[in-house]
Every structure is written in structure tokens, then in C-alpha cells.
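For the sequence shown, the positions run 0 to 361 when numbering that gives the first Met the number 0 is used.
Hints listed in this document are in silico derivations from the structure and should not be mistaken for laboratory results. Mixed in with the good hints, there may be bad ones.
FRET-style restraints, in silico, Cβ to Cβ [unchecked claim]:
| no. | residue 1 | residue 2 | range |
| --- | --- | --- | --- |
| 1 | ARG121 | VAL321 | 40 to 48 angstroms |
| 2 | GLY36 | GLU300 | 42 to 50 angstroms |
| 3 | THR97 | GLU302 | 40 to 48 angstroms |
| 4 | GLU300 | GLY33 | 38 to 46 angstroms |
| 5 | GLY33 | PRO308 | 25 to 33 angstroms |
| 6 | THR258 | ARG299 | 33 to 41 angstroms |
Note that the structure is predicted; figures quoted are calculated from it, not measured. Beta carbons are placed, not taken as given, at the ideal position from N, Cα and C, and that holds for glycine.
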Amino acid sequence: MQPTVTVDLGERSYPIYIGRDLLPRAGELAAACGLSGRCLLVTDSNVDAMYGEPCAASFESANTASIRAVLPAGETSKSMEQLGALYDRALEGGLDRTSFVAALGGGVVGDLAGYGAATYLRGLPYVQLPTTIVAMVDSAVGGKTGINLPQGKNLVGSFWQPAAVIADLNTLASLPGREYRSGLAEVVKYGLIWDAEFFALLETQAEALKQRDPGILNTIVTHSCRIKAEVVRRDEREGGLRAILNFGHTVGHAIEKVTGYRAFLHGEAISAGMVYAAHLSYAEGSLTAAAVERITDLLRELELPVAAPDCEWPALRSAISVDKKSVAARPRFVLADEIGEVRFGCEADEATLEEVWHGLGE
0 MQPTVTVDLG ERSYPIYIGR DLLPRAGELA AACGLSGRCL LVTDSNVDAM
50 YGEPCAASFE SANTASIRAV LPAGETSKSM EQLGALYDRA LEGGLDRTSF
100 VAALGGGVVG DLAGYGAATY LRGLPYVQLP TTIVAMVDSA VGGKTGINLP
150 QGKNLVGSFW QPAAVIADLN TLASLPGREY RSGLAEVVKY GLIWDAEFFA
200 LLETQAEALK QRDPGILNTI VTHSCRIKAE VVRRDEREGG LRAILNFGHT
250 VGHAIEKVTG YRAFLHGEAI SAGMVYAAHL SYAEGSLTAA AVERITDLLR
300 ELELPVAAPD CEWPALRSAI SVDKKSVAAR PRFVLADEIG EVRFGCEADE
350 ATLEEVWHGL GE
């Protein structure tokens, strides 16, 4: 099977397979990418109930013995405690340097399993098997792995590129509606930061997106992965351009932290964060009011939050200070000049930051 998209990183290049009925072929596709030996199959309690056995059977059919590690579902599993449990399971399963890791699930599973792979025995190869929109278009692609600390999100991690990404679109049918819609925020982000025509397509196809139309799903996942692959090709380790992928994430991560990772799903928090970033762009004179309205309207149409009124600014500002993109506790934002064109590394004065936040609640 030919890859749908290739992430071109020289000797670290890898394929992204996007299609239907791919999980039953996961073992075959992993073997085609040179992965063999014993496999640690990492998943969570929700995904395991649906796809754990078929995925394990796929690896077995490719003569790969798999050992399962099942995490509690949810963001709180991106922790030192669960990382330690993953190492324990790898030891129990007899993983050695001929082994590999497979991450079956959403962004939490992919981030944790990827970091475990990056650090166990000083680095094992791994394959991403994303089962959510946000994982397919964002977290499974690009090699960012990591865990959270109590002080903030993704503060410990590494760049460790997968050997392959295998995105079976059939898994999206089993997502709860709220989780499915949450993932669409990251899709909207690609239009905002890179491709105005793609953003316009999302505006015209919002209803089809909400209905999980197979054709539009294939289009948005494939196009989002192509954009992500191009950004990563140009800036693998976030020395510059790759920072644009953080549009909306500075405040979005703070919303997640302040609300204890319970009130908002990741994409919901990012949606509110993107609306904040759009309004901040307008306040800084770089984005028109009409563009802010288009951004807000599309997110509303996709039934995503455009504000987080229960979050108090002092708590949010404190959380922003420990964001990994901040310098000397001063936040750096990605701001938009227009839909499809953004700048990174931007600062704003404290009064403006607070004023824009309070303005969202009006």
C-alpha cells in the first residue's frame, strides 16, 4: 500500500497511511516499515474495549507478539505515574532493542507511548495508530512526545519521530459526538495558520463535517496531515516556523490546566484559545473584525466553545507563565495577519492581554 502522505525528514522520513479498514492491516504495514520483534501495544480503557483485540490480532498475523498496556482513559494519564507503569509493563513483557511500541488511541496515548518509546532502552521505534480526529491530524504527526507535570501541560518530553502513522478513518465512527467535534478545532487551525482556501472549504462543508461524511473526512484528514508534514519538514524541532502550530494553544492549555483537565476537552479549550488569539490579533491591529467574526462563526457552527467564562484571568495568567513557549514568564503568542497567514513569537502588554480576555465574556 502506498502512503497517503510522507513526512520528509531525510533518514527519519516516514509514511502516513490514511484510509478505511487499516487497523486489520496494522501488523502488515508496520512490518513493511521495518518494525519487527516484540511489540508493546499501548492503549486506553475506552479504545481497548473496541480495538485492542483486533489490533493485537493484526500484529500476531504478522508474526509479531504483542504485550498490551492499558491506561486509564483521560488527560490525567499523561503523568509520571503512568509513564512508570509503562516502563514496568515493557520490562514484564521482555522488550529489548529489537522491539517496538504501538500507540493505539488518541493524543494522550500517543504522547505517552511515544515518550516511553523515546526513553526506554534509550529509544525504541514506534508506530502511531490514531483513533481520534485530533490525533490523526495533529498529535500523531511530527514526533512531539511528552507528559504533563502538575504545573502545566507537556512540560516534559522529546522529539521522537514515529516509524509510521496508520490512520483508520473507520475509528472515527465510534467517537462520542463531543469528542469528535473537539477534534475539529485542530482542523480549523490548519486553515487559519496556512491555507485560506481550506478554511473556506470548512465553512461551506460544516454540516457535512458534523455528519461525519466519509468524503469530507478523508479530505480534511489528508489535507491537515499534508500541512503538518510540510511545517515539520521545514522546522522539525520548533526552532521557528513550527511554532505556528501553537495558534490558540497558549491560552487553550491554560484553560485546560485551570479547569483541572475536566471541564474542557483539548480541542474545546483550543477553540476558545483560538478565538482569544483572533481577538488579540485584532487588538494588536493585525486582523480585521470581519476575519475574527468568520473564525468565531465557524467554530460556533461546529458546536465548539468560543469562550471560557468561568475561568478567572489571574489563574489563567499564572498558568500561561509556565507555558513552555513563555520566556522569563512572558508569553509568546501566534497572531494572525489574515486567515491563512500568521506570525509567531509575538508579545502584547499585560493590560491588553487581560482586556481581551474580559472582552470575550461580554
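(request) Would you list, in rising numerical order, the hints stated earlier that this structure does not obey? (result) 1, 5, 6
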